[in-house]
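Asker: The chain contents come next:
Protein chains: 2
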Amino acid sequence: MSAAAGTVIDARSGAAARREHILDAAEACFVRNGFHRTTMQDLAREAAMSPGNIYRYFESKEAVVIGLADREWARGEILVEAMERAGDRRGALSGVIERYFTQATRAGAILRLDLWCEATRNPAIAAIVQQGEDEARAWFTETLAALAAPGCDAAALYAALNPLMKGILVNKALDAGYDVGPAVAELRALIEAGLTGPAAGEAVR
Amino acid sequence: MSAAAGTVIDARSGAAARREHILDAAEACFVRNGFHRTTMQDLAREAAMSPGNIYRYFESKEAVVIGLADREWARGEILVEAMERAGDRRGALSGVIERYFTQATRAGAILRLDLWCEATRNPAIAAIVQQGEDEARAWFTETLAALAAPGCDAAALYAALNPLMKGILVNKALDAGYDVGPAVAELRALIEAGLTGPAAGEAVR
Numbered sequence: 010m011s012a013a014a015g016t017v018i019d020a021r022s023g024a025a026a027r028r029e030h031i032l033d034a035a036e037a038c039f040v041r042n043g044f045h046r047t048t049m050q051d052l053a054r055e056a057a058m059s060p061g062n063i064y065r066y067f068e069s070k071e072a073v074v075i076g077l078a079d080r081e082w083a084r085g086e087i088l089v090e091a092m093e094r095a096g097d098r099r100g101a102l103s104g105v106i107e108r109y110f111t112q113a114t115r116a117g118a119i120l121r122l123d124l125w126c127e128a129t130r131n132p133a134i135a136a137i138v139q140q141g142e143d144e145a146r147a148w149f150t151e152t153l154a155a156l157a158a159p160g161c162d163a164a165a166l167y168a169a170l171n172p173l174m175k176g177i178l179v180n181k182a183l184d185a186g187y188d189v190g191p192a193v194a195e196l197r198a199l200i201e202a203g204l205t206g207p208a209a210g211e212a213v214r
Numbered sequence: 010m011s012a013a014a015g016t017v018i019d020a021r022s023g024a025a026a027r028r029e030h031i032l033d034a035a036e037a038c039f040v041r042n043g044f045h046r047t048t049m050q051d052l053a054r055e056a057a058m059s060p061g062n063i064y065r066y067f068e069s070k071e072a073v074v075i076g077l078a079d080r081e082w083a084r085g086e087i088l089v090e091a092m093e094r095a096g097d098r099r100g101a102l103s104g105v106i107e108r109y110f111t112q113a114t115r116a117g118a119i120l121r122l123d124l125w126c127e128a129t130r131n132p133a134i135a136a137i138v139q140q141g142e143d144e145a146r147a148w149f150t151e152t153l154a155a156l157a158a159p160g161c162d163a164a165a166l167y168a169a170l171n172p173l174m175k176g177i178l179v180n181k182a183l184d185a186g187y188d189v190g191p192a193v194a195e196l197r198a199l200i201e202a203g204l205t206g207p208a209a210g211e212a213v214r
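Taken in sequence, the protein lines are chains A and B. Under the numbering used here, think of the first position of the first sequence as 10, with each following residue one higher. Under the numbering used here, think of the first position of the second sequence as 10, with each following residue one higher.
I should point out that these hints are in silico values taken from the structure, not numbers from a laboratory. Just so you know, not all the hints are guaranteed correct.
[To be verified] Chain A is nowhere near these chain B residues, computed Cβ spacing over 10 Å in every case:
(1) T48
(2) N62
(3) E68
(4) L77
(5) L88
(6) T111
(7) P132
[What the hints assert, rightly or not] Among the chain B residues that face chain A by a calculated CB cut under 8 Å, a handful are:
(8) G43
(9) I87
(10) D123
(11) W125
(12) C126
(13) T129
(14) A136
(15) I137
(16) A169
(17) M174
(18) N180
(19) P191
(20) A192
As the structure is a computational prediction, the values presented were derived from the model and not from experiment. For each residue, glycine too, the CB sits at the ideal point set by N, CA and C.
Make a model of the complete structure from these sequences and hints.
Answerer: Now the structure itself:
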């Protein structure tokens, strides 16, 4: 590799690393003070960078939230794709539940709660939240449909699981000592009952 | 009644009416802009009163939130007591679910979501939210225990219902068009299954 090519690669990975660093700083700020209360100046201070430098990477706080959502989605996809490549959709479903609920940190749950709250009065954030909802619904519905007995309504099953999933995150955000175990077991039981057929699917609706 | 006594009563009901009026204004402000963004000045403007006058009724925004929580609780209690006096605990349970979920307004759901969010970083609000959680848990657990088949674990059943209830409110806050019907039916089905005995109670955990 020529010295010049090496420099280009370093600069690129440097920019990617810088973006990651800013996203980490943003996550810390948003969890501590909320999206609305956090300024680009706070973010720059947390990241130990100049505000001007932050703006080179993200043009607004909303752009930072899009960056966080994309990163979260990309991280989940790596896990899911590895499991789906192994042909194990049930394992992928189980892995996603494990990742989002059992392994979820309180900080992550607070960030989610804060964005839901902000979405009720900030259309840009509402659009990001809505896109995440749509992507999650599409993935879950497809995965549940592939696993379900004939006649099971995967969309209705996901609609039944969705508020329970949200409520688990709310409890995690509100209570540092919240044990997600029973609620995650409940989620798994609803999935099992829903997948076995339309009768069981009806029972949980 | 003497003229003087009449004046005292008028002044009292005037003060109560003024408190109600301030709470209505606060609800409107909090729903529109969130608890954190709302100042006592905003509240005074919304109520068409002077800030000094507002402080005669509520010493802080937190005191206003306590006032809102007390009012919400009192309104629920009137409904519940009427049903419980009629000896119908099942009707009271059904009425509470109807009131809090089917009849819930989007504004009410946004207010709740906002307070949960604020509770993650404001200890005074966290204490108010926690008290509401404790009171709701006590009432539900007692009511479920009175209705349940022997051996049913009412506390575990409530723990299973709680995140679903919260998630229904999140969806209502996020989406003006959210149909609570299926999720409320799911809530009722979980209660029915849970009340019939420990085996069914286990199935939903």
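Asker: Take the hints in turn and mark each one as holding or not.
Answerer: Hints, one by one, checked against the model:
1. T48: Consistent with the label, B:T48 stays out of reach of chain A, its closest Cβ about 14 Å off (over 10 Å).
2. N62: Holds: least Cβ distance 28 Å, greater than 10 Å.
3. E68: Fine: 23 Å to the nearest Cβ keeps B:E68 off the interface.
4. L77: Correct as stated: the minimum Cβ-Cβ distance to chain A is 17 Å, above 10 Å.
5. L88: B:L88 is indeed farther than 10 Å from all Cβ atoms of chain A, at 23 Å.
6. T111: With a cut-off of 10 Å, B:T111 remains clear of chain A, as the shortest Cβ separation is near 14 Å.
7. P132: 13 Å, holds
8. G43: 7 Å, holds
9. I87: 27 Å, violated
10. D123: 6 Å, holds
11. W125: For B:W125, the interface hint holds, since the closest Cβ of chain A sits about 6 Å away, which is under 8 Å.
12. C126: Holds, because the Cβ-Cβ distance from B:C126 to chain A comes to roughly 4 Å (cut-off 8 Å).
13. T129: Holds, about 5 Å.
14. A136: Violated, because the Cβ-Cβ distance from B:A136 to chain A comes to roughly 12 Å (cut-off 8 Å).
15. I137: Violated - the Cβ of B:I137 stays beyond 8 Å from chain A, reaching only about 12 Å at its closest.
16. A169: Constraint on B:A169 satisfied, holds at 5 Å.
17. M174: 7 Å, holds
18. N180: Hint holds; B:N180 Cβ to chain A Cβ min 6 Å, cut 8 Å.
19. P191: Holds. Min distance 5 Å.
20. A192: 5 Å, holds
Violated hints, in rising order: 9, 14 and 15; the structure is consistent with all others.
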